[in-house]
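Asks: One-letter residues, chain by chain:
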Amino acid sequence: MRFELTEDQRDFAASLDRLIAGADPVGVARAWGAGDTAPGLSLWRRLADQGVSALLVPEEAGGMGATPVELAVAFEVLGKHAVPGPWVEAAAYLATELSGEAQEAVAAGAVATVAVPPHTPYALDADVATQVYLAGSDGLRTATPDEQLTSVDRTRRLFRLRAGGIHDTADRAAEAFDAAALATSAQLLGAGERVLAGAVTYVKQRRQFGREIGSYQAIKHQLADVRIALDFARPLVHGAALADDVDRGRAVSAAKVACADAAYRASRTGLQVHGAIGYTEEFDLSVWITRIRALVTAWGTPGFHRARILQSLTATPAGAR
Amino acid sequence: MDLELNESEQAFQAEARAWLAENVPTTPLPSMDTPEGWALHQEWEARLAAARYSVVSWPEQYHGREASLIEWIIFEEEYYRAGAPGRVSQNGIFLLAPIIFEHGTAEQQDRFLPTMATGERIWAQCWSEPEAGSDLASLKSTARRDEERGGWLLNGQKIWCSRAALAHWGFGLFRSDPDAARHSGLTYFLFPLDAEGVTVRPIAQLDGEAGFAEVFFDDVFVPDADVLGAPGDGWRVAMSTAGNERGLSLRSPGRFTAAADRLVDLYGERPDARVADRVVDAWIKAEAYRLYTWGTVTRLADGGDVGAAGSVNKVWWSELDIALHETALDLLGPDAELESRWLDGYTFSLSGPIYAGTNEIQRNIVAERILGLPREPKGAGR
Ligand SMILES: Cc1cc2nc3c(=O)[nH]c(=O)nc-3n(C[C@H](O)[C@H](O)[C@H](O)COP(=O)(O)OP(=O)(O)OC[C@H]3O[C@@H](n4cnc5c(N)ncnc54)[C@H](O)[C@@H]3O)c2cc1C
Chain A
1 MRFELTEDQR DFAASLDRLI AGADPVGVAR AWGAGDTAPG LSLWRRLADQ GVSALLVPEE
61 AGGMGATPVE LAVAFEVLGK HAVPGPWVEA AAYLATELSG EAQEAVAAGA VATVAVPPHT
121 PYALDADVAT QVYLAGSDGL RTATPDEQLT SVDRTRRLFR LRAGGIHDTA DRAAEAFDAA
181 ALATSAQLLG AGERVLAGAV TYVKQRRQFG REIGSYQAIK HQLADVRIAL DFARPLVHGA
241 ALADDVDRGR AVSAAKVACA DAAYRASRTG LQVHGAIGYT EEFDLSVWIT RIRALVTAWG
301 TPGFHRARIL QSLTATPAGA R
Chain B
322 MDLELNESEQ AFQAEARAWL AENVPTTPLP SMDTPEGWAL HQEWEARLAA ARYSVVSWPE
382 QYHGREASLI EWIIFEEEYY RAGAPGRVSQ NGIFLLAPII FEHGTAEQQD RFLPTMATGE
442 RIWAQCWSEP EAGSDLASLK STARRDEERG GWLLNGQKIW CSRAALAHWG FGLFRSDPDA
502 ARHSGLTYFL FPLDAEGVTV RPIAQLDGEA GFAEVFFDDV FVPDADVLGA PGDGWRVAMS
562 TAGNERGLSL RSPGRFTAAA DRLVDLYGER PDARVADRVV DAWIKAEAYR LYTWGTVTRL
622 ADGGDVGAAG SVNKVWWSEL DIALHETALD LLGPDAELES RWLDGYTFSL SGPIYAGTNE
682 IQRNIVAERI LGLPREPKGA GR
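Protein sequence lines correspond, in order, to chains A and B.
The numbering used here puts the first residue of the first sequence at 1, with every later residue one more than the last.
The numbering used here puts the first residue of the second sequence at 322, with every later residue one more than the last.
Excised from the complex, chain A in its bound form (with noise of 0.2 Å):
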């Protein structure tokens, strides 16, 4: 039993936080949502050299046949920074579903998205991506780009999509739908975790009355609240990545209420104490408080994962829980 990440681990959750921070991924982010896709295609092409797409994808497909501990560490990181694209599509849920050639691409890094209605019903970033599928109850099936909509998160750029041909997959969409929740839960975990850095930092600067705003204990139990939510957030973000077949469902279900719980506690108190700039868009908090948003939704919302894991655990009897 050791339930702390390996050395290795950590390296490369510090490594891809380098690599990412030394790019100014909040520009990236505004620019990706403003239509000027180019930074962020470049950073995409940088982070899949990391191998960020191909975790998931066994070593005999052209991957990296990590495990989702590794995931769930990527994903923190790029939740950490906001960085933008379609990477839950393509590096947790497609990486899984789809097979052979098509598999092979997102592992070398394709740009790949995908909706898959009725939890996630539009495509993120559907213009960019060179591969864009439609999941069904009759299968896969690739599609294209129709109208696109508004998110509350700028920099998510969503598309209806007209649906094609079916599309030959590994049929393993439950394991990649878990594989999407999980890489979002570890998503708002490390948005969280950045909203947190951000508040702390401002509340020790701001001073009114006379003194920091941080040591009014009206600040400070608020944004204690927040370091003890994401405290226990994060290891059942680790534990449904370590889960068996049998309980993975009701692990990354209870990952995603968490972290969205945690996240949106950040993202609301962040905001709270920041007072005014905090509601600005130019400040960039703004980026992590709608992505935050956002997320709290995607890939099955609370109400969805609270009800997959209260299905699962009635039917399960009680020496077995």
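I should point out that these hints are in silico values taken from the structure, not numbers from a laboratory.
Hints may contain errors.
[Claimed, not checked] Straight-line alpha carbon distances no greater than 20 Å define the calculated SDA-like cross-link-like pairs of lysine to any residue that follow:
1) B:Lys461 with B:Gly477
2) A:Lys204 with B:Glu697
3) A:Lys204 with B:Gly693
4) B:Lys461 with B:Phe537
5) A:Lys204 with A:Gln272
6) B:Lys461 with B:Glu535
7) B:Lys461 with B:Ala597
8) A:Lys204 with B:Pro695
9) A:Lys204 with B:Glu535
10) A:Lys204 with B:Asp547
11) A:Lys204 with A:Leu271
12) A:Lys204 with A:Ile277
13) B:Lys461 with B:Trp556
14) A:Lys204 with B:Pro698
A quick note: this is a predicted structure, and the numbers were derived from the prediction, not measured.
Using the hints provided, position chain B with the ligand relative to the given structure of chain A.
Replies: Coordinates of chain B with the ligand only, in the frame set by chain A:
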């Protein structure tokens, strides 16, 4: 990173599970805060000790089996899963024993640990005073040197001492140097609660039972042999267990995961769509607590310590405990007000955010020591 138990841990788990299945009383014992329940709890603890399950992590010479930290948590999980009784000896085992191991003399260890392990002598923690709650360092009870007899004379009053109404010995801090600064000049004493000059007055709690007591000291003589650690060093000695109380010990995840499982079962018997999400949330939070604890155990096994993270932990388990029980009461509907195991658990859970350092104080610690936020002016809330 993994969550797998090795072969010997699995064997330990199987053995503990089998023993508990065979030995746990089939009907819950009466409350330990009644004389009748007290005696039955002591009997149960003696039975645990005879099987060397009362203090699994202790050395063999003191009735333990030198279990690792992982094995200890495994045992606790099994203990609660089996529905075994709460531990009447918990203050001694979890709060005092770690200090005796760390700061006690060999003579004190030999004298105090065995009867603690068997449940023969039950200990009460006498820290709080009427004027010293959250601000514990402001305590006023005194210890005056008695050179002639080779010891100290205790005077003053302690309050809210859990189980002191029926317990045999107490442990607490007294001001031994009136001129020293707040945190200095305190000394850690052990004393029999039937000593001459000690008066124990039981205090009934919300459930009507005398779960705690106030204790008055009138020139109570304590020999040097019953001072724990160096005179004047009591604050440091005491603080080495405050982390235990908030952190790992006492609050093993088994207590909450077992309760969450019972809550799911209760929901199965009385499904109510309006409460469903809260049942799920209680289960998620208990599961988060279980996994978080495995992370803590891994870090401790690697030589780390709990430190201020014990405060993160404390807020979590105390709030989880209340949410879990409130949810159960909502499922019970009009029957919720009737005496039941859920109601007992609910009443007890309400004290969680108060004892072991209130949650306000824990949030101050998280904010100041973990997030690095500025102290309150005048250093309040430490
Ligand atoms: C069931 C139970 C069992 C107990 N068992 C024991 C025991 O065995 N031994 C023992 O010694 N004690 C015991 N206690 C006492 C417990 O440790 C104290 O109640 C606790 O430390 C709080 O002290 P107080 O009750 O005096 O509250 P106070 O310190 O007076 O606090 C009252 C309220 O003010 C808040 N407050 C105080 N200071 C601050 C601050 N700086 N910032 C923000 N808010 C603040 C508190 O959080 C609380 O909400 C027990 C208490 C309970 C309820």
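Asks: Take the hints in turn and mark each one as holding or not.
Replies: Right, here's what the structure says about each hint:
1. Distance restraint check for B:Lys461 and B:Gly477: the Cα-Cα separation of roughly 7 Å lies within the 20 Å cut-off, and the hinted pair is therefore satisfied.
2. The suggested pairing of A:Lys204 with B:Glu697 holds, with an alpha-carbon distance near 13 Å, which does not exceed 20 Å.
3. Of the supplied pair hints, the one linking A:Lys204 and B:Gly693 holds, its CA atoms being roughly 9 Å apart against a limit of 20 Å.
4. The suggested pairing of B:Lys461 with B:Phe537 holds, with an alpha-carbon distance near 12 Å, which does not exceed 20 Å.
5. The hinted pair formed by A:Lys204 and A:Gln272 meets the criterion: a straight-line CA distance of about 15 Å does not exceed 20 Å.
6. Note on B:Lys461 and B:Glu535: the hinted pairing holds, with a Cα-Cα distance of about 15 Å set against a maximum of 20 Å.
7. Restraint check for B:Lys461 and B:Ala597: not satisfied, since their Cα atoms lie roughly 49 Å apart, outside the 20 Å limit.
8. Distance restraint check for A:Lys204 and B:Pro695: the Cα-Cα separation of roughly 7 Å lies within the 20 Å cut-off, and the hinted pair is therefore satisfied.
9. Proposed proximity of A:Lys204 and B:Glu535 is contradicted: the alpha carbons are some 42 Å apart, above 20 Å.
10. The hinted pair formed by A:Lys204 and B:Asp547 fails the criterion: a straight-line CA distance of about 46 Å is larger than 20 Å.
11. At most 20 Å may separate the alpha-carbon atoms for a hinted pair to count; A:Lys204 and A:Leu271 meet this at roughly 15 Å.
12. For the hint linking A:Lys204 to A:Ile277, the alpha-carbon distance of about 15 Å falls within 20 Å, and the restraint holds.
13. With a C-alpha separation of about 13 Å, the suggested pairing of B:Lys461 with B:Trp556 holds against the 20 Å cut-off.
14. Between A:Lys204 and B:Pro698 the CA atoms are separated by roughly 14 Å; this keeps the pair inside 20 Å, and the hint holds.
Hint check: violations occur at hints 7, 9, 10; the rest are consistent with the structure.
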